[in-house]
Amino acid sequence: MPGKLKAKIVAGRHLPVMDRASDLTDAFVEVKFGNTTFKTDVYPKSLNPQWNSEWFKFEVDDEDLQDEPLQITVLDHDTYSANDAIGKVYIDIDPLLCSEAATVISGWLPIYDTIHGIRGEINVLVKVDLFNDLNRFRQSSCGVKFFCTTSIPRCYRAVMVHGFVEELVVNEDPEYQWIDRIRTPRASNEARQRLIFLMSGELQRKIGLKVLEMGGNAVVGYLQCFDLEGESGLVVRAIGTACTLEKISTFPATATHPNNSSPSKDMKDSPQAAPSTLGCRSTHSSPVHSASSRLSQGFSVSVPTLLFAGMKPRHRSSEVPRARQCRPGFGEEAPGVPLSSGPPTPLRAQTFSSFSPSKSYSRQSSSSDTELSLTPKTGMGSGGSAGKEAGPLKALLRQQTQSALEQREYPFFTLTAFPPGFLLHVGGVVSARSVKLLDRIHNPALGNTRSYKLLDWNSFTADEPETRDAWWEEIRQEIKSHAKALGCHAVVGYSESTSICEEVCILSASGTAAVLSSRFMQDGPLDTEHRLSRQPLCVFSTGSERVEGDMGSSASLGFEEVVSPGCGFCHIPYDELNIPFPAQLTYCYCCRRYKVPDVLFTTIDLPTEANVTGKGCLIQARLCRTKKKAQGEGNATAISSLLPFLEYELHTQLMNKLKLRGMNALFGLRIQISVGETMLLGLASATGVYLTALPSPGGIQIAGKTPSDITYEQHISTMQKKINDTIDKNKELYEINPPEVVEEIIGSPIPEPRQRSRLFRSHSESSDEVSELDLSHGKKDAFVLEIDDTDAVEDIHALLTDSPTPAGFYSCNTEIMPGIQNWTSAIQMFTSVRVFRLNANLTNQGLNKIFSDLCENLLKSLYFKLRSMVPCCLCHLNFTVAIPEDELIQVAVTAVAMSFDKEQPLENGKQSGEKTLIKAITENDEQLQFNLELNAETSSHNPLSSPKGLSEVGSHLSARAPSVDYSSFADRCSSWIEQLKLKAHTIRRGSVKTTSSLEKASPLPEGRSRSLRSNRSYSGSSVAVVKMTPLSFIPGAKIIKYLGIINMFFIRETSSLREEGGVSGFLHTFIAEVFAMVRAHVAALGGNAVVSYSMKECVFMENPNKNQAQCLINVSGDAVIFVRESELESTSVQTQSATTHTSNGGEGT
Amino acid sequence: MSVELDVFVGNTTIMDKEVYQLWLNGYTVNDAVKVRIEGGVMEECEASAEVLLSDTMDQYRTFQMCERLLHHPAKLANQLLFQIPPDRQAMLIERYALACQFNSLDFVIIQFQTFICISLFRYYAFDDLFVREVLGKKLSKGTKKDLDDVSIKTGITLKSCRRQFDNFKRVFKVVEELKGPLVENIRQHFLLPDQLARDYAAIVFFANHRFETGKKKLQYLTFQDFAFCAGQLINNWTVGAVDNMMEDMDVDLDKEFLQDLKDLKILITDKDLLDQHKNLVCTALRGKTNVFNEMEANFKNLSRGLVNIAAKLINAKDVRDFFIDLVEKFIEPCRSDKLTSIDVNLYLTHYTNSAHILDTFKHHAVWTRYMGVIKSCILRMYHD
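Those protein sequences? They're chains A and B, same order as listed. The first sequence runs 1 to 1149 under this note's numbering. The second sequence runs 1 to 384 under this note's numbering.
Extracted from the complex, chain A is given alone in its bound form (with noise of 0.2 Å):
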């Protein structure tokens, strides 16, 4: 099916001077599809130029539409030698060819030179004509649209979710070809940018046929990748999830939510769809006993959240019985060192000495697991009569959905955030690792190939791809059977990394295990409508009011799950009767009905529904660990076996930080490790919460274990008064104060499960007697510190070094934080980065201290940056570490600052009285910035709605004594502003002097007509400001349309560095180009933002004794079309809190 694509070419502007004698350049252009090329007319001595040429068009085949980029080269021409290029632009024109997307790419892009940066920059028009239906094409896959967003796009509706899709293709790196020696270093970047430009064409083109094979019509959590292997080669992969989206025609109301689209009414439709396929496969194997099974084989569970293995050295995939080996104290830790108070059980120590490290994590439960397996017998009584009728049913529909995931060969998910109701319990991260040497390069295909423009995809080296396809699929089962292990079904959060040194790669993949629903597999569509209206507002009062609106469904309905969708994730998936790890399990402190673990690890954002406590926090382990040099094999297997260590004690720092918080719940959680030649980096990032499930996290104890020493004594109670500070100074900050249990326990209908404990499962007496023990005990558990073991010493170092976020500040990884609600439309995305050079001959533990300060130090830069933004959330804070020479270490760091009303009507909590005077301080000003913004926002942005805005302003700021005089204030700054912008464009230039002082400034009303007859003219005189975001969504804004992917490549070198201003000075301009790059496109297809940004990539290599530098940056989001909402709901904000505060205190009684 072939396509039109048409490019002219209208003009350029502040082009750099290429002629020293005249001061100017003839610039000219080459616009270039495929193998055609075509020219404009050279335009004379201007660093203007005005082309104005003819369409250029382009008759092709919609497969090359798909892999290939218009490139634009602009040129200044030269009569005696040869034409000097400018800079070139290459223009992704896939967003072009889905009809949802965009329809024109249109506007100012900058012309880039991998040389130079940005010189200057070029208006160009692009459009493609497609002929015939789009979808029926084989070799192509036109149509498909693709998102990074890990969640459904905001205004789609998913009608199915299809599941995992991957793929990836393999060339030659051009930087490694023969051909490089004799070409200049501008030759070689611009050959590998469009290698890579090609290779993410045919990737997502592949991808795409995948998905159009499944019968999905999107993409969704696209998660593309390089790995630059060197001489072994480029490999661009790619995951996501494959899906059916349906657009949302109508945009839902904002504020109340429809009947029909609420979740009870979700829920209604599952358990009817459940009856017309259940006979189909109703034989199913539990998974969770072959998990067991699997377990007792020696499957190496080494960390207990994490369910990990798989370090092959080589191709081999050698199962290190890592558990075992791992430190010769293991074994005998784990009874002195177990995560609760409560005495380790015999079945415990029993079943899980071998293996289990020190300190036990926990994962999941629910009660759907347990009743799996208990069916036949119990029939699970819990929810009274309902409950029973409902029981067998949920058990089949379970074992239907099962069986439908089990048919994928993944049941992945690269999603993080779910349509309510789909995700029905978490099990706990799994993750698999792999150690792999690279091959050699092996070529035979390029013996005669002067460059990649003449390589065959298909006939080049074929086994290539299936190495690394292969490499992948190991890892890929691991992750699977860690999944059943859990009880789980599937994966969701699931994402994949690698990280190489010279030949050395080490493979990642790492998800949560999980359980559900059904219906998302078949047709019924879910609605997502209802999600999104909200999920500006919040999460905590979102959860609430649907359980509120569930608990009446549930009492006709009689379906459990349904009962506590705030508590129904955590429950456990897997049997507790063959728990994969030791976990303490008590009852669900929401619903009391199915038990949880003690603690929750996960890789997916907070869902919405969830009920949590208090606030969350970013919680980070660093670690660094020194490793010989070594070459080849041995180098792959020391660092397998190092691996396991790595990632235990990474957990154990997680564990420990998210104890002196007062949480018990990891979301997000993202573990990073990073091999150089003599060093490994681990780095886990995730965002701690307490869920109100979940019992309440012990203290820290710390034991000695030679008491006799007095001085030693003082030293160890000195130590753990300083934690039993921080613990409480953390409550407060965070502002966990979950509801006193214990005595809820007392006064209500406790005695219920147990006696159900004691009915129906007699034959589990140990452990029922462990969750009764934890149940008493409650809240004294403690973990407990050996102090005279380095690695405690160590451990509590680590732990009190953490200096906590100054006033004003929240961070999270996830999406969103738990406990701010009225987000301000203020955001700053932003990415910083660092290198550090440390000294030779460093011990562990001071790389460590190191390692930890540079992370501290980068936040704490982060925070002062952004002190005029406070209050406000750092979110998606996303750390990426890297060795890229030996002894130094890079850190990157890519989020978006998000100031929030702090005029909360409710928080859960007393708020501290300190912070609320520091705050005060700041509101002023804050206030004034967030109603200018608004103004200016909606005026330029929303011209239609902007009356309506500021009326709305003046309202919402009415209703604040305080602030009213600041808001006359600011709309007498902004009608003054305007006055002046309309009297620019009225009044003839230069014959002016607008006398502007306040008192002429006009009154509200005026001003506001002003703003609105001023608008249109002035969004035309300035460039537009285009929003990023590493979220899913912007703010106080509703997302309307979505444009395409942007997924951009860009290299820059010099060989000036100290004229570039150092590697500093060379790395903040590419950067900021880069943004400017991302911008001017996103503009140029009609957006104003990038929502769920990334910068996937940014290798830096830099040689100061040759004065040079090279970076590579890639970039990737989704451009978007938002419009502000004009309405602030802060009445409805506050009625939504106040029932959240009802309801829950309801739920546990």
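By construction, these hints were calculated from the structure, which means they are not laboratory data. Where hints are given, some of them may not hold.
What the hints assert, rightly or not - Capping the alpha-carbon separation at 25 Å, the derived lysine-lysine pairs in DSS-like fashion look like this:
id	chain 1	residue 1	chain 2	residue 2
1	A	K45	B	K179
2	A	K849	A	K628
3	B	K75	A	K45
4	A	K8	B	K288
5	A	K849	A	K722
6	B	K288	B	K300
7	A	K1106	A	K1041
8	B	K312	B	K265
9	B	K173	A	K45
10	A	K849	A	K206
11	B	K338	B	K288
12	B	K75	B	K216
To be verified - Label pairs and their computed distance ranges (CB to CB):
id	chain 1	residue 1	chain 2	residue 2	range
13	B	D252	A	V10	39 to 45 Å
14	A	N48	B	E67	19 to 25 Å
15	B	S2	A	H77	46 to 52 Å
16	A	D19	B	T349	57 to 63 Å
17	B	D252	A	D129	56 to 62 Å
18	B	D146	A	T79	52 to 58 Å
19	A	T79	B	K217	57 to 63 Å
Claimed, not checked - Facing chain B, from chain A, some residues (calculated, C-beta under 8 Å):
id	residue
20	V104
21	S106
22	P110
23	F830
24	T831
25	V833
26	F836
27	K860
28	S861
29	R867
30	M1028
31	E1060
32	V1063
33	A1080
Don't be surprised by glycine CBs; every beta carbon is placed ideally from N, CA and C.
Since chain A is already given, all that's left is putting chain B on it; use the hints.
Below, chain B alone, put in the same frame as chain A:
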């Protein structure tokens, strides 16, 4: 162990006004950090010196990147490298306007990215002390080399001096070859507010004619005095002043006019005319001032001085001495006679008007054009 690389880049550019000012003032990073520490940012934000250093370096880098654009302000209009959110623009422009009491913000400023324009004003702002030192000097490399002396003398950092000097030079170079009104050209090309554009016009004008301003006798005059005079000269004595349809430049004085000025000599060479003139003036002044006697005694002297200045202006060399001549030939004698500025005003008014009544004096137009400027210049310069 050292931080090898440390950058922070926001999607919207964060610029700290305080640091910007420090940068403009030519502080080194370390000095700027010291100033900031003294300013108490650290306590306010719970930051450490390390953090402050990192932030300051970062800001400096941002400014340096910005500087390239600031040199070609016209590009600022649609530059893509820095994104400044409209809300901040609005806030800053308001505060800035209040702080600097710019009554007239040119529309161009608002039209474009306001924040950068404010950076621009500041970037192009200069110290009166500094400009006083280089006013009328050739904007050449030689002068630039002497800037260290200026720096020591004024206490302004060398960096800042260089920036200011380079700004003058840049503006001069661009405007030199442009036709049309000088102030307007500067405003258009550098997007500067009216007052600042006028000041630059003065600087360019002075540099072009190389007016002597450094002599000891002229030391009491401020830059603003000179700027005022330059404004007078530009508005009245240049080609553009008489005929703004002319496509000529504003920078040069009207040659024809200078030629005509020679004819004024008749006022002092013709004895009768001189006496007549004196009588007329004295008649008019009598009783109106208590320094009448001194005025009468000095009349011929003063008249000679003024007319001689006029006659000499045709020589470029004498143009340079215009201000020193005014001071020596007119202001100093008046001052030694203890004339107040009211007296001077009175005297000059009548001196000018009386000439028109003289029967044999024909050059009324030239006389008015000449004396108008002279009068306002002298009045402006007549202070301690």
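Now for the hints, and whether the structure bears them out:
no.: 1; hint: A/K45 x B/K179; result: holds, 21 Å
no.: 2; hint: A/K849 x A/K628; result: holds, 20 Å
no.: 3; hint: B/K75 x A/K45; result: holds, 18 Å
no.: 4; hint: A/K8 x B/K288; result: violated, 79 Å
no.: 5; hint: A/K849 x A/K722; result: holds, 20 Å
no.: 6; hint: B/K288 x B/K300; result: holds, 20 Å
no.: 7; hint: A/K1106 x A/K1041; result: violated, 48 Å
no.: 8; hint: B/K312 x B/K265; result: holds, 10 Å
no.: 9; hint: B/K173 x A/K45; result: holds, 20 Å
no.: 10; hint: A/K849 x A/K206; result: violated, 45 Å
no.: 11; hint: B/K338 x B/K288; result: holds, 16 Å
no.: 12; hint: B/K75 x B/K216; result: violated, 42 Å
no.: 13; hint: B/D252 x A/V10: 39 to 45 Å; result: holds, 40 Å
no.: 14; hint: A/N48 x B/E67: 19 to 25 Å; result: holds, 22 Å
no.: 15; hint: B/S2 x A/H77: 46 to 52 Å; result: holds, 47 Å
no.: 16; hint: A/D19 x B/T349: 57 to 63 Å; result: holds, 58 Å
no.: 17; hint: B/D252 x A/D129: 56 to 62 Å; result: holds, 60 Å
no.: 18; hint: B/D146 x A/T79: 52 to 58 Å; result: violated, 44 Å
no.: 19; hint: A/T79 x B/K217: 57 to 63 Å; result: holds, 59 Å
no.: 20; hint: V104; result: violated, 19 Å
no.: 21; hint: S106; result: violated, 15 Å
no.: 22; hint: P110; result: holds, 6 Å
no.: 23; hint: F830; result: holds, 4 Å
no.: 24; hint: T831; result: holds, 5 Å
no.: 25; hint: V833; result: holds, 5 Å
no.: 26; hint: F836; result: holds, 6 Å
no.: 27; hint: K860; result: holds, 5 Å
no.: 28; hint: S861; result: holds, 5 Å
no.: 29; hint: R867; result: holds, 5 Å
no.: 30; hint: M1028; result: holds, 4 Å
no.: 31; hint: E1060; result: violated, 10 Å
no.: 32; hint: V1063; result: holds, 4 Å
no.: 33; hint: A1080; result: holds, 6 Å
This entry does not satisfy hints 4, 7, 10, 12, 18, 20, 21 and 31, going by the numbered hints stated previously.
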